[in-house]
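Novice: Here the structure of chain A is known, so what remains is to put chain B in place on it, guided by the hints.
In order, the protein sequences belong to chains A and B.
Per our numbering: the first sequence = residues 1 to 115.
Per our numbering: the second sequence = residues 1 to 109.
Read the hints as simulated data drawn from the structure, not as lab findings.
Note that CB positions come from ideal geometry on N, CA and C, so glycine has one too.
Possibly wrong hints are sitting among the right ones.
[Stated by the list, open to error] In silico DSS-like links for lysine-lysine, alpha-carbon gap of 25 Å or less: (1) B:Lys70 - B:Lys51; (2) A:Lys11 - A:Lys44; (3) B:Lys70 - A:Lys44; (4) A:Lys44 - A:Lys15; (5) A:Lys11 - A:Lys62; (6) A:Lys44 - B:Lys36.
[Stated by the list, open to error] Covered by chain B, according to a simulated footprint, are these stretches of chain A (three or more residues, beta-carbon under 8 Å): (7) 39-53; (8) 107-113.
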Amino acid sequence: EAGVAQSPRYKIIEKRQSVAFWCNPISGHATLYWYQQILGQGPKLLIQFQNNGVVDDSQLPKDRFSAERLKGVDSTLKIQPAKLEDSAVYLCASSLINGLAETQYFGPGTRLLVL
Amino acid sequence: GQQVMQIPQYQHVQEGEDFTTYCNSSTTLSNIQWYKQRPGGHPVFLIQLVKSGEVKKQKRLTFQFGEAKKNSSLHITATQTTDVGTYFCAPSAGNQFYFGTGTSLTVIP
Chain A
1 EAGVAQSPRY
11 KIIEKRQSVA
21 FWCNPISGHA
31 TLYWYQQILG
41 QGPKLLIQFQ
51 NNGVVDDSQL
61 PKDRFSAERL
71 KGVDSTLKIQ
81 PAKLEDSAVY
91 LCASSLINGL
101 AETQYFGPGT
111 RLLVL
Chain B
1 GQQVMQIPQY
11 QHVQEGEDFT
21 TYCNSSTTLS
31 NIQWYKQRPG
41 GHPVFLIQLV
51 KSGEVKKQKR
61 LTFQFGEAKK
71 NSSLHITATQ
81 TTDVGTYFCA
91 PSAGNQFYFG
101 TGTSLTVIP
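The following block holds chain B by itself, in its conformation from the complex:
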């Protein structure tokens, strides 16, 4: 079956520092979505990446899809307390769709 690893599992940063989470797959992906889940909340869609090497930006968030379509990253510049939550990658391969294990981000004011 598909193996998806998301690292790190936890990350604590000072407000204003940058943050990056990585999603790595053992198989080539069709596309990858990213979701954010606030504590006690439900996943909310952030972005979808489809093309090899694709880079998309949303304000302070930068999403990348690897050239081989086996990995992806989410980078947040100058974190704010509103960025707190768990970030999940959700890759698709063939006819299967998974959520990664998530990276829990804590931002210290």
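One chain only, chain A, in its complex shape:
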């Protein structure tokens, strides 16, 4: 079974530039999550989708971050404009169904460095 795919794996940009990350979850997984993991910290949930609807985006900085999952499969996360403090690993995860008790399968992450 293929895992969660993410691209790019690495990205270096200058502050105020825009960047987009892509995630393809495990086939058949209804729920998709985006996390931000700053070095030395635990992952912080940014947004959770069930199919193509948003379940929780309470910790998404909506003035600069946006995410979509238009067809209920793959998803993109965008930052516009980027700030220095956005340097982190952006992890995508998926689970079979919605629910806090569901096992989440993580992708390899995208490492973003903002200069």
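Specialist: For chain B alone, kept in the frame of chain A given last:
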């Protein structure tokens, strides 16, 4: 909001020694998951605990959920170099799900 403290933040052990990490919450939890993240890697699911006082074992790993469902622990017996990584608890309370701050384990051969 939910307060989750994971201790210790770092732990260095000699290979063969035991290791324990603790996750403490200020509120009653619905359930708790544990994940392991190798250096440079991504979190990998280890276990989920749901019932009060629950104990689960996976080979050398023992997971416990407190009677009050406010704390949990992960104990590794006779650590090996393959146990190196950061261990995160991920509790759920109500409709919220968090990752703890993690405990970074270093195993000295």
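Novice: Run every hint past the structure and note whether it holds.
Specialist: Quick rundown of the hints versus the structure:
1. Restraint check for Lys70 of chain B and Lys51 of chain B: the C-alpha separation of about 11 Å stays at or below 25 Å, so the hint holds.
2. This hinted pair checks out: Lys11 of chain A and Lys44 of chain A have alpha carbons roughly 20 Å apart, not beyond 25 Å.
3. Distance hint between Lys70 of chain B and Lys44 of chain A is fulfilled; the C-alpha atoms sit about 21 Å from each other, no more than 25 Å.
4. Taking the CA atoms of Lys44 of chain A and Lys15 of chain A, the gap is about 21 Å. The hint holds against a cut of 25 Å.
5. A C-alpha spacing of about 21 Å is found between Lys11 of chain A and Lys62 of chain A, which places the hinted pair at or below 25 Å, so the restraint holds.
6. Between Lys44 of chain A and Lys36 of chain B, the direct Cα distance comes to roughly 15 Å. Compliance with the 25 Å bound is thereby established for this hinted pair.
7. Remark: the region 39-53 of chain A is confirmed as covered by chain B, as 5 of its residues place a Cβ nearer than 8 Å to a Cβ of that chain, reaching the required three.
8. Beta-carbon proximity to chain B at under 8 Å applies to 3 residues in the region 107-113 of chain A; the threshold of 3 is reached and the given coverage holds.
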